[in-house]
Structures are given as C-alpha cells and as structure tokens.
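2 protein chains.
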Amino acid sequence: MRRDPVTGHWVILSPERKMRPRFYVQNGENVLTPGNCPFCEGNESMTPPEIYAVRDRQSRANERGWRLRVVPNKYPALRVEGSLDKRGEGFYDKLNGIGAHEVVIETNSHVKGMDELGVEEVTEIFLTFKRRILDLKKDIRFKYIQVFKNHERMAGATISHPHSQIVALPVVPLRLGEMLDAARGHFEVRDRCMFCDIIYHEGEYGKRVLVENGEFIVISPFAPKMPFELAIYPKGHGASFEDAADSSVGSLASILRDVLGRLNRALERPAYNLILHNSPFGMGCGDYFHWHIELVPVITGTGGFELGTYTYINPTVPEEAIKVLSGKG
Amino acid sequence: MRRDPVTGHWVILSPERKMRPRFYVQNGENVLTPGNCPFCEGNESMTPPEIYAVRDRQSRANERGWRLRVVPNKYPALRVEGSLDKRGEGFYDKLNGIGAHEVVIETNSHVKGMDELGVEEVTEIFLTFKRRILDLKKDIRFKYIQVFKNHERMAGATISHPHSQIVALPVVPLRLGEMLDAARGHFEVRDRCMFCDIIYHEGEYGKRVLVENGEFIVISPFAPKMPFELAIYPKGHGASFEDAADSSVGSLASILRDVLGRLNRALERPAYNLILHNSPFGMGCGDYFHWHIELVPVITGTGGFELGTYTYINPTVPEEAIKVLSGKG
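Sequence lines, in order, name chains A and B. 0 is the number of the first residue of the first sequence in numbering that gives the first Met the number 0; add one for each residue after it. 0 is the number of the first residue of the second sequence in numbering that gives the first Met the number 0; add one for each residue after it.
Just so you know, not all the hints are guaranteed correct.
Claimed, not checked - Covered stretches of chain A, as calculated for chain B (at least 3 residues, CB under 8 Å):
hint, region
1, 48–56
2, 85–96
3, 303–315
Unchecked claim - With the C-beta cut set under 8 Å, the calculated list includes, among others, these residues of chain A facing chain B:
hint, residue
4, Arg1
5, Val10
6, Arg16
7, Lys17
8, Leu67
9, Pro172
10, Leu173
11, Pro223
In case anyone wonders, no lab produced these hints; they're calculated from the structure. Quick reminder that beta carbons are idealized off the backbone N, C-alpha and C, glycines included.
Full structure from sequences and hints, please.
Below, the structure is given as structure tokens:
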C-alpha cells in the first residue's frame, strides 16, 4: 500500500488482481451460468476452502448442502500473511498490504436478488457479517473492516451470483476519517452524537424519510451525492455494528428487503452499492460514531468533475427521490 | 448546493440536468452524427449563443467559419444569475448554486481525438482555458474554476464530439482543500513547494517518468488510484495555470499530444478524464501550490469499496505502467 502525499489517500497496489478472469463481457451480458459459476452449489472446488458456512447438519465443508458460504477472495487485494513493515521512501509512505479479503456467497441460487430472499436468509447474511467482524477484529494489525456489496456490473461486480465482500484494512480509510472528524467536532461542541441529531431532525421533518420500523429509519440524506441514495440508521445509538443484538439484525434485514423492493420497482432493478459504515477499532469513538448503511443505486455516471473536485452533481433532490420511492412521485 | 454534515462534501443539486437528452445508447454506440450533433459546424443554433470563438476573419458569431467555440452548457449544473444566499437549515448548510458552466467545443471535426489535432489546435484549446479563467475570475462570487475533459462515455461524456468543460464554483472543493492542506503543511515544515520536491525526486528516480521536455515532466504518481494514471507538471514553480506564458501553453500542448498518442497506442484508445488542478482565488497559496494536470484512463471500474473508503485498488504499479507506455513493457 502506498500513500499519495498530495491528497493523503492510501492506495492498494495489487498486481495479482490483474489475473482475474472477466466474467462479464463488454455489453454487460453475463457469461456465467450455474454450470461454470464458482459461487454455485456443486462448484465448491472452484473457490479457496471455506472460512465459514451455513450448512445442513449432515453436509461436509466445501461440499454441497450449504445455504451461505464465506471464502477467501481468490484474487485478494490484501493478504493475511506477513508484517506491516511501515516505511518511508524519500518523503513517500508505504506499508505491506496486510489485511483480509473475504467473499460472502449469500445464497446457493445463481439468480436471486437480496429482495427475493426470505427475511431469515437476509438476516443470516448480516449475522455472517457480524460473526466475521468479531473474528477478524481479534487481529490487532487490522484497524478497520469494510463490508460492502456491489450488485451488477455497473456497480463494480465481476461475478453476477449474489455476494458481498469483507475487507480488513491495516489503516483507517480517509472517508471514515472525514466522518470521524465531523462527528467528533459535533460531539465536542454539543455533547451529542451527530447521527442521533440527524435521525431526530429527519424524523421530525419527515420529507426525506422513506420508511421506518421499531429499530431502524431509512432516509435520503440532505446532500446526496447520487440520485436515490439512501441511508439506513439504527434509531438507538450504537457505534459498532458487531455489537448489535441478533434481533436487531433481523429487524435490519426486514427493512432492507423492503427498501430493495421499492428501489427495484421504482428504478427497474438498478445496479447498486451497499456500504456498511462501522467504527474503526481501538479509537474510542463509541460516544460519537453511529454505525449505518449507505445504499447507492448506480444510475448516473461520474466524470472528471467529480474526480477532480469530489463535488457531485445530482439531478434528483432527496425530497423528490422519497416521493418516487414511496410511489407518490 | 447543500453540504453533507457527515463528510463535509458539497453537492450540486441540479434538477434541470435531468432534462438532458441521452446521446449515447445503452451499448455505448453513439447515435449522434455530424447532421444532428449540436457541436458540429452548421448546427450553431443548437447551442446557446457563443461566449468566445476562434473564427475566420470574415465569419460572424454563431455561424459557420469557426475552429473552436465556447458556449454556455445548455443544461448547466450552476447558474450565473443571483446571489449566493448562504444559509442554514437546522444544522445543515446550503447556498444557491451560483457559478458558470461552459463547454469548449475543441474542434469543428466530429471525430478527431485531441492527439489527432495539430499542436497549434491543442495550444488554442489550452489558451482558451487560460482566457476563460482570466475572464471568469473577475467575478468575486467564484472561489474556484474546474477545467476538465471527459473523453468517451465510460469517462462520463454524454456527447462524443470532442469538448471540454469549465465550471466556476462558489466554494473551494474538498479535493482541492485536501491538496492545499498537504501542500501548506509541507511548506511550513520545509519552506519548499511539495510539488517541486515531487518533481525533483521523480526526475532523479526516473522509473516513474514517462516523458519530459524543456518545461514539463509527465510522471505516473507514486500512489496512483487508477491504472496508467499520469500527472503533467510544469517544471518551474507556478501556482496558477492562467499565469503561464503563452509559449509554455504551447509546450504543454506538445507534450500532451505526445502522451495521448502513447495512451492510445498502448491501451487501444481508452476513455479518459483530464483534470486541471489550479489555484483557488484569493487564498494566497502562491508559494506552496503548483498547478498540474491529472490524466486518468478509465479502464477499471470502481465499486462499493472505493465509494465507502476512498481507498482505490489498483492492479498496475506505476513503474510498470511507465514501461508499457514507453513501449518497453
């Protein structure tokens, strides 16, 4: 990993990922079928040995009989073995790309989207995230774990079979650093969690709320980068996703399924990214950070303006997005 | 414009841009021909009236006889009329989207890439950027001007006819703020420009240098976000592009043409973004900022990991990119 002195961003240089086969062809058509898909039942030997699985009692590891599997990424961006070996090169900073890169195969069905799975199945996916985070955070070399899902090629997926990814990083990424700085600043002045304030304010205002249940609220943020961007917040304060009760994870699965159904109906099954924003480890940010999920349909592309400024141009105001997704648009 | 309290990023909410026609169809094929392209000669009435043009002496504004035109964007992200009217909404920040959004139609030829234009023509494009910046910076409401080019649909272009864009912003964008912070920090400790140090270091090291001439050096940065990313730096210190001598602009055009030719040969005419990083206005950063151009071929997509962390996974190390682009790979 190398750090750009100009922006402070870390970059993962990973020559091995060039070896990845291209499972999508240029026009977006998927060339994988259940017969040759490495994530389908019966093809367990096409992945590295599983780390975790939800299986029938009689079945054996790396064989048929599973409903969910976690395997190491075959072309990992980061590797578990070795030491960080932080060092300078002139005034440049680098360190070894130590980390973990796992794939959560969400279902043995090649074609089902997350909204077509039952609540129990979606709950199992998020409980798996929780278990993997609890296991990976024992490794003191890791500072942050990024859980995310790329759905469809437009959103960065290279394999169409439904899956999520877990990346354990040896540094706290800049995006999270920005959030922590803003949240810490808010807490220092007001002695309140910034996200709790947002949740309260949005609940009162109402026009940017899509749906809520007892434990979660789904809003389109005040300043969304992308059209129809959504955020899912637990209503009660909690800094770390992995500390959420299993019953809360079930409540999250239920509201997420509902939201994905709405996106699919209103936007004709868009590609999307799902991102879990969670606390980094050992930073004592329990009072002011608040875990949440960012859900971004990939509809408009970005170009040189966004790359050059990090300022996004969004043609859809959040109040209108909520109308459309609520079926009132 | 609204600011996201969580990350500090400004977003431009621009409902009018939803009206833009889609000139590219889904499979990437271009449906514009010289007959119906608003940027082609003879179709001047399809754009708003021109702001600037390079024309034959006998020709008249908004008629045939031009080689380059600057027109307002028909679907602008920001508008020139009005006042900023900065205000809060709860603890949210917003201001009116005041700015300018111009299109530089680089040539009257529908099909020629920048590398196929003569050095004089490319020089004229960059001299136009210089003139437009000098004109727009007279407006004290503008804090920054972003010049950029999206080449091909993959890089965010909606019209294939070669063009660049100029956006004048009422705020200094966060990406530039990051660069200014890093450069100021470097200057305060070392009393030297960080970019001048990078240029010197890279010149000595050599393995990340693609090409140089008397006034410019082209490198692949130490920590590139994307494969084959390049940076073009003026060797002499200069904070503001618009203060560069016209002869330097000619030297820039010459090296850029060379570099685009190399990219096209090595990567089979990739889509790319070209971004001019320039000084913001009135910030007194002349000692420590150093204008430069970022050139990013769009080869790999990004997904939830990059969106969630701002950490990029790049399979091509810069030293290898230079070998490939130099024809030694």
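Hint check:
| no. | hint | result |
| --- | --- | --- |
| 1 | 48–56 | violated (count 0) |
| 2 | 85–96 | holds (count 4) |
| 3 | 303–315 | holds (count 13) |
| 4 | Arg1 | 4 Å, holds |
| 5 | Val10 | 4 Å, holds |
| 6 | Arg16 | 4 Å, holds |
| 7 | Lys17 | 4 Å, holds |
| 8 | Leu67 | 19 Å, violated |
| 9 | Pro172 | 4 Å, holds |
| 10 | Leu173 | 5 Å, holds |
| 11 | Pro223 | 7 Å, holds |
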